[in-house]
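Colleague: Sequence:
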Amino acid sequence: MPAHEIIEDALLKIFAGIQQLKEALPTKEFTIDGRLVGDIGEAIVQRDYQIKLYDGLAKDYDGETPCGKRVQIKATFKDSLTFKKESDYYIGIKIFENGKYEEIFNGPGKIIAEHYKNRKGIGEELLSFPNKKLKELSSSVSNNERIAKKYQ
Numbered sequence: 001m002p003a004h005e006i007i008e009d010a011l012l013k014i015f016a017g018i019q020q021l022k023e024a025l026p027t028k029e030f031t032i033d034g035r036l037v038g039d040i041g042e043a044i045v046q047r048d049y050q051i052k053l054y055d056g057l058a059k060d061y062d063g064e065t066p067c068g069k070r071v072q073i074k075a076t077f078k079d080s081l082t083f084k085k086e087s088d089y090y091i092g093i094k095i096f097e098n099g100k101y102e103e104i105f106n107g108p109g110k111i112i113a114e115h116y117k118n119r120k121g122i123g124e125e126l127l128s129f130p131n132k133k134l135k136e137l138s139s140s141v142s143n144n145e146r147i148a149k150k151y152q
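Quick note on UniProt numbering: the sequence shown kicks off at 1 and runs consecutively.
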């Protein structure tokens with residue numbers, strides 16, 4: 001089975017399980033955002049973009065481009081993404097329950113850091129930013145400043 005079909009099938013099963021948990025205990029949200037979401041996002045981005053993930057966990061960065069630039073990958077099922085410190089590149093995606101995704105930001109991390117330079121905690125702690133604003137910032141990034149997809 002191709003990788004994209006495996007991911008889509010697995011996500012359908014995960015969300016079915018979450019729905020069962022919510023039925024068993026309706027007072028809890030059972031939100032999926034967390035390490036699981038990050039790992040799914042990294043798998044999708046490595047599959048579709050010209051990036052090689054680091055083995056295991058690396059502080060602040062998830063992988064690099066073929067020319068050695070460091071990449072931070074963030075993923076969500078919600079309407080915001082997190083950002084901590086400037087990286088050579090930042091890719092943020094919103095994943096949908098059917099396994100498809102929307103690219104929210106693809107470009108140099110300095111664009112986000114510069115736009116939010118006056119926000120308390122920027123560069124020091126993990127902060128949340130609205131997808132809508134990140135998508136707007138991404139629209140100003142030229143194609144030669146983006147990480148290319150493997151298949152276009």
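Treat the hints as calculated values from the structure; they're not laboratory data. Since we're looking at a predicted model, the values are computed, not measured. Possibly wrong hints are sitting among the right ones.
Said to hold, decoys possible - With a straight-line cut-off of 20 Å between C-alpha atoms, the simulated PhoX-like cross-links for lysine-lysine are:
1. Lys133 <-> Lys110
2. Lys13 <-> Lys69
3. Lys100 <-> Lys117
4. Lys100 <-> Lys149
5. Lys69 <-> Lys149
6. Lys52 <-> Lys133
7. Lys78 <-> Lys52
8. Lys59 <-> Lys110
9. Lys100 <-> Lys28
10. Lys84 <-> Lys150
11. Lys132 <-> Lys69
12. Lys85 <-> Lys69
13. Lys85 <-> Lys135
14. Lys149 <-> Lys78
15. Lys100 <-> Lys120
16. Lys78 <-> Lys135
17. Lys149 <-> Lys84
18. Lys110 <-> Lys132
19. Lys100 <-> Lys132
20. Lys69 <-> Lys100
21. Lys59 <-> Lys78
22. Lys28 <-> Lys52
23. Lys85 <-> Lys133
24. Lys110 <-> Lys120
25. Lys59 <-> Lys100
26. Lys59 <-> Lys69
27. Lys84 <-> Lys28
28. Lys132 <-> Lys150
Stated by the list, open to error - Derived DEER-like restraints, expressed as beta-carbon distance ranges:
29. Asn143 <-> Thr27: 12 to 22 Å
30. Ile6 <-> Lys110: 31 to 41 Å
31. Thr31 <-> His4: 39 to 49 Å
32. Thr65 <-> Pro26: 18 to 28 Å
33. Glu23 <-> Gly123: 18 to 28 Å
34. Tyr151 <-> Cys67: 18 to 28 Å
35. Lys22 <-> Gln50: 32 to 42 Å
All C-beta atoms, glycine included, are put in the ideal place defined by N, C-alpha and C.
Colleague: All the hints need checking, so say for each whether the structure fits it.
Modeller: Evaluation of the provided hints:
1. Lys133 <-> Lys110: Holds - the C-alpha atoms of lysine 110 and lysine 133 are around 15 Å apart, at most 20 Å.
2. Lys13 <-> Lys69: Measuring from Cα to Cα gives roughly 35 Å; hence the hint is violated.
3. Lys100 <-> Lys117: 32 Å, violated
4. Lys100 <-> Lys149: 15 Å, holds
5. Lys69 <-> Lys149: 15 Å, holds
6. Lys52 <-> Lys133: Violated, at about 27 Å.
7. Lys78 <-> Lys52: The hint is violated at about 26 Å.
8. Lys59 <-> Lys110: Since the Cα atoms of lysine 59 and lysine 110 sit roughly 18 Å apart, the hinted pair holds (cutoff 20 Å).
9. Lys100 <-> Lys28: 26 Å, violated
10. Lys84 <-> Lys150: 27 Å, violated
11. Lys132 <-> Lys69: With a Cα-Cα distance of about 26 Å, the restraint between lysine 132 and lysine 69 is violated, given a limit of 20 Å.
12. Lys85 <-> Lys69: Distance of about 15 Å is within 20 Å: holds.
13. Lys85 <-> Lys135: 18 Å, holds
14. Lys149 <-> Lys78: 23 Å, violated
15. Lys100 <-> Lys120: 34 Å, violated
16. Lys78 <-> Lys135: Between lysine 78 and lysine 135 the Cα gap is close to 14 Å, so the pair holds against 20 Å.
17. Lys149 <-> Lys84: Roughly 24 Å between the alpha carbons, so the hint for lysine 149 and lysine 84 is violated.
18. Lys110 <-> Lys132: 18 Å, holds
19. Lys100 <-> Lys132: 18 Å, holds
20. Lys69 <-> Lys100: Not OK: lysine 69 and lysine 100 at ~26 Å, beyond 20 Å, violated.
21. Lys59 <-> Lys78: 24 Å, violated
22. Lys28 <-> Lys52: 37 Å, violated
23. Lys85 <-> Lys133: Since the Cα atoms of lysine 85 and lysine 133 sit roughly 17 Å apart, the hinted pair holds (cutoff 20 Å).
24. Lys110 <-> Lys120: Holds - the C-alpha atoms of lysine 120 and lysine 110 are around 16 Å apart, at most 20 Å.
25. Lys59 <-> Lys100: 27 Å, violated
26. Lys59 <-> Lys69: 15 Å, holds
27. Lys84 <-> Lys28: 28 Å, violated
28. Lys132 <-> Lys150: It is violated: about 25 Å lies between the C-alpha atoms, which goes past 20 Å.
29. Asn143 <-> Thr27: 12 to 22 Å: 48 Å, violated
30. Ile6 <-> Lys110: 31 to 41 Å: With Cβ atoms ~35 Å apart, the hint holds.
31. Thr31 <-> His4: 39 to 49 Å: Since the Cβ atoms of threonine 31 and histidine 4 sit about 24 Å apart, the hinted range of 39 to 49 Å is violated.
32. Thr65 <-> Pro26: 18 to 28 Å: 45 Å, violated
33. Glu23 <-> Gly123: 18 to 28 Å: Between glutamate 23 and glycine 123, where Cβ atoms are some 42 Å apart, the hint is violated.
34. Tyr151 <-> Cys67: 18 to 28 Å: 19 Å, holds
35. Lys22 <-> Gln50: 32 to 42 Å: Between lysine 22 and glutamine 50, where Cβ atoms are some 38 Å apart, the hint holds.
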